[in-house]
Amino acid sequence: MLEIENMQVSYGQSKVIQGVSFKAEKNETLAIMGRNGMGKTTLFKALMGILPSKADKAMIDSESIQGDESHQRVAKGIAYVPQGRMIFPAMTVEENIETGLEKSGDRVIPDDIYALFPVLFDMKKRKGGNLSGGQQQQLAIARALVTNPKVLLLDEPTEGIQPSIIKDIAKVLNEIRKMREITIIVSEQVLSFTMEIADRIIVIERGNFIHEDKRDDVDAAKIKKYLSV
Amino acid sequence: MFGYSMAEIGNVFVMQGFSGLSLFSVLLLMALGLAIIFGQMGVINMAHGEFMIIGAYATVMLSKFAVKYDFVNYYFPFAMIVAFGLAFAVGYLVEFVLIRHLYKRPLDTLLATWGLSLVMQQIFRSAFGAKEVSAELPEWMLGSFKPTPDIDIPINGVFVMGLTALITAGVFLFMFRSRWGLRVRATVQNRVMAGAVGINTKKVDRITFALGCGITGVAGAAFTTIGSTGPTSGSLYIVDSFMVVVFGGAASLLGTISSAFGIAQAQSILQFFMTSSMGKVTTLLTIVIILMMRPEGLFASKIRK
Ligand SMILES: Nc1ncnc2c1ncn2[C@@H]1O[C@H](COP(=O)(O)OP(=O)(O)OP(=O)(O)O)[C@@H](O)[C@H]1O
Ligand SMILES: [Mg+2]
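Line by line, the protein sequences give chains H and B. According to the numbering used here, the first sequence is numbered sequentially starting from 1. According to the numbering used here, the second sequence is numbered sequentially starting from 1.
In case anyone wonders, no lab produced these hints; they're calculated from the structure. Among the hints, a few may not be true.
Simulated crosslink set (DSSO-like; lysine-lysine; CA at most 30 Å straight-line) [claimed, not checked]:
| no. | chain 1 | residue 1 | chain 2 | residue 2 |
| --- | --- | --- | --- | --- |
| 1 | B | K203 | H | K125 |
| 2 | H | K225 | H | K76 |
| 3 | B | K104 | H | K127 |
| 4 | B | K202 | H | K54 |
| 5 | B | K104 | H | K124 |
| 6 | H | K214 | H | K54 |
| 7 | H | K127 | B | K203 |
| 8 | B | K203 | H | K150 |
| 9 | H | K171 | H | K26 |
| 10 | H | K57 | B | K202 |
| 11 | B | K202 | H | K15 |
| 12 | H | K76 | B | K203 |
| 13 | H | K103 | B | K203 |
| 14 | B | K203 | H | K54 |
| 15 | H | K103 | B | K104 |
| 16 | H | K103 | B | K202 |
| 17 | H | K57 | B | K203 |
| 18 | H | K76 | H | K26 |
| 19 | B | K203 | H | K124 |
| 20 | B | K104 | H | K76 |
| 21 | H | K54 | B | K104 |
| 22 | H | K15 | B | K104 |
| 23 | H | K127 | B | K202 |
| 24 | B | K146 | H | K76 |
| 25 | H | K150 | B | K202 |
| 26 | B | K202 | H | K125 |
| 27 | H | K178 | H | K150 |
Excised from the complex, chain B in its bound form (with noise of 0.2 Å):
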């Protein structure tokens, strides 16, 4: 196949599948905060890729901060933190100021949120400038394994990934397991009844939406350490994220995790054998013809209605 060995072949895959640990994990993480806004309120934003960029300017800020201050090798997990907050803060803000007023009008939060996500490019080209900016790594990110002489492992990649892998198992025991993960999905399934049994369901939503934006600010601190930031970085993640929520199946987070695996991984394993955009054009493909055989999505939830 294309003039390599079987063994090379084999390593490629090993490697591109690990370099692509990095994509899956900010893709995941956005497509997690879409399926929470999306999925579970059915609010479609546009603007999610600028709160992702919010989180990746955090990241940067911070990590100038930290050359200045000589904590470079430590901040990366507080700049985490930051963003999610960060991010959290704006959406909240946002639910607050703009969406709550334009729930029963889909059409209407689209062109919103479009607007909004201009605004805020406008807002980070006169902050950061239009150039793109990078954050410094800390100097034990940027190696790599060598499990055998053939294989690198780039260690940015698995730790990113360690870090998604825990805020996803915590949004799963926020959503499955914690009284607001209750109310949340007891919101989603019937919001008059969730309002009569004494939930408060504004609050809900107003929590709800600000989460999703708060992890997708995660996704931008993950974002760094594969990419630079610049003002409109976020819109080029944004087809993607939506493509693995519904490919996955707009209500299923498990559906949602899967689906960012598979995509992430087809891209950049494709992405050795041809280009770039020939790897992202055969991904779609693929994903459009999955979905004409299984419209909603690769986990359909299955509970008689």
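If we strip away everything but chain H, and leave its shape as in the complex, we get (with noise of 0.2 Å):
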């Protein structure tokens, strides 16, 4: 479970995420829709500790994240898959899996993730630069999940990748939840994609929470208009 209460995140002057709240429960998945420049990515860093945020409260479960540098917030049950996927380029699939291994302490890969993508096993010794976007987007996802993460958050996984790839990662997001009963944040600008997934959509504009509904009750026409220029 994640609780966010009063998060504001500033670049300098400017301030980009405008005191917002929200709490996310174990086995939820929800997503954070807006367009372009909205402040999705910022949220996310500033979630992740790459940012520096002010906040009333940040809780993981019942611990607190606050003014923790990354790999604190990693160790408390954070895992991030960056917009861009940020794999690292010149160390092999194997390598850029086991850079996750730091938490748990293990010293080989869990069987579970190869399940999850056979595609990895395949490529194991490549070196991560040159997969194709997709295959770069798994090995992210893989490298987050490695650190048994409590929540894990996505910043647009289907950004650039084609549609049959697209539903791909939505089947695995969905068999993550169902295995490991996680909670999970996507941002994301693709109301087909969110639909498959999320139990909660809400929206942000400018920094700010504007609309939220349950998966059931969602507006379709509402939600593309938010989206929509």
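Assembly of the complex is requested from the two constituent chains, each provided in isolation within its own frame, with the hints serving as guidance.
Structure, rendered in structure tokens:
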């Protein structure tokens, strides 16, 4: 469970996240939707401790993550799949995943990871930088998953990826949630993808949450209007 | 050529080649340390030569001690370990006190480490005196092999070379087979992301810097077999070792090894045919010309970014 109260993030003088509050439960997938430049990445980076932020409260389960550095937050149970993947290009696929083993202390990659992403098993010894965009996305998810997170953050996982692979990613995310009963928070612009995975949708605009719906009550036309320019 | 017969020239090449081994060892170890600190972390450490001298003084002191307690024949491997440990510890401290505050400011790092080098030189001067001191080399290291009557191969060069090869292999294993190496490489490739997968990047920085200094300390131990140690001896080698790193391609360990070998051998062999400074000039000119053709160094990395 992740609980945030009144989080604010600024770049110098310009405040980009204007005091947002939300709570995401265990075994829930929450989608944060918004157009380009509305603050999704900024919010995720702040949650990850990459950007400094102010908040009245920032908790994972009953532990505060206020002021923690990224690696401490990972240890408390957040994992991050950034926009643009950001895998380590000069390392092999296997080594990329191993960087995530820091928290569990395992020496070898657990089998269930390769069961989720068979393609990564076949490409174990290849350099990460030489994978396709879709494969890199899977690699980034695998690297985050081996940290055994309680909360998994994915920033626009479908960006630049073809429809058939988007379907695969949706399937994998649903499977992960079923298997591990974790909290998944995903930022998105594609409504069809969101509808396949999310239990709840929040719309962000200029750093404010302006709309929230359970999936079953979603008025697609209304959300589409928020997402179009 | 120069009035020598072909056979004589052959002998000269072999002998100078082997006597170049010690220089190669010193340069390689220093450059490995630099390659780790500069190539992997982007820090230009102007006090690098002084870290070498820490190792050299440690070796000299230990050799005096060995003479007194009569274990001159065995002290050298211990000296390398002590040299490593001492330089590692000082490096760890320096990273903590100085370097870590300057990571995003390369120019300030340059100035700060230059200042540090002056401070360290003065400390050496106060502690050990301005006069150069030499290590007592064990008897068995002083002789030479004579495979043919015309060829002399110094034993100390071969010995130091062997140890250097071991250390180099160790560095490779550390970087490419160990968990620590994985952390270092991840941090180098993407610091922010390394933190976001759970790596404590500040700790990685400290260990990486200290490791680079430690290896340089071992270079100092090797250095005592070819020269005498004074407070400023390190500064003579700093330029050469930067040259090795840049020439080899800053991020490539393999490049560092080949370029250390090339530069040490070129200097040593050319010195036989011309004066030592002419030899240096010729080497330097060659490097400049090659770098003009391959600005990224001999071994640029081949991964798309
Ligand atoms: N480093 C920065 N310095 C200053 N302003 C920034 C910086 N990064 C982002 N911004 C601004 O903050 C706002 C939010 O950007 P952010 O990257 O969080 O948007 P986003 O919702 O992730 O957009 P996209 O869908 O394009 O990824 C934008 O107006 C952007 O211009
Ligand atoms: Mg974004």
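Results for each hint:
| no. | hint | in the structure |
| --- | --- | --- |
| 1 | B:K203 with H:K125 | holds (28 Å) |
| 2 | H:K225 with H:K76 | violated (37 Å) |
| 3 | B:K104 with H:K127 | holds (28 Å) |
| 4 | B:K202 with H:K54 | holds (23 Å) |
| 5 | B:K104 with H:K124 | violated (34 Å) |
| 6 | H:K214 with H:K54 | holds (28 Å) |
| 7 | H:K127 with B:K203 | holds (26 Å) |
| 8 | B:K203 with H:K150 | holds (25 Å) |
| 9 | H:K171 with H:K26 | holds (19 Å) |
| 10 | H:K57 with B:K202 | holds (26 Å) |
| 11 | B:K202 with H:K15 | holds (28 Å) |
| 12 | H:K76 with B:K203 | holds (18 Å) |
| 13 | H:K103 with B:K203 | holds (15 Å) |
| 14 | B:K203 with H:K54 | holds (26 Å) |
| 15 | H:K103 with B:K104 | holds (28 Å) |
| 16 | H:K103 with B:K202 | holds (16 Å) |
| 17 | H:K57 with B:K203 | holds (28 Å) |
| 18 | H:K76 with H:K26 | holds (15 Å) |
| 19 | B:K203 with H:K124 | holds (28 Å) |
| 20 | B:K104 with H:K76 | holds (28 Å) |
| 21 | H:K54 with B:K104 | holds (24 Å) |
| 22 | H:K15 with B:K104 | holds (24 Å) |
| 23 | H:K127 with B:K202 | holds (26 Å) |
| 24 | B:K146 with H:K76 | violated (65 Å) |
| 25 | H:K150 with B:K202 | holds (25 Å) |
| 26 | B:K202 with H:K125 | holds (28 Å) |
| 27 | H:K178 with H:K150 | holds (13 Å) |
Against the hints set out earlier in the document, violations occur for numbers 2, 5, 24.
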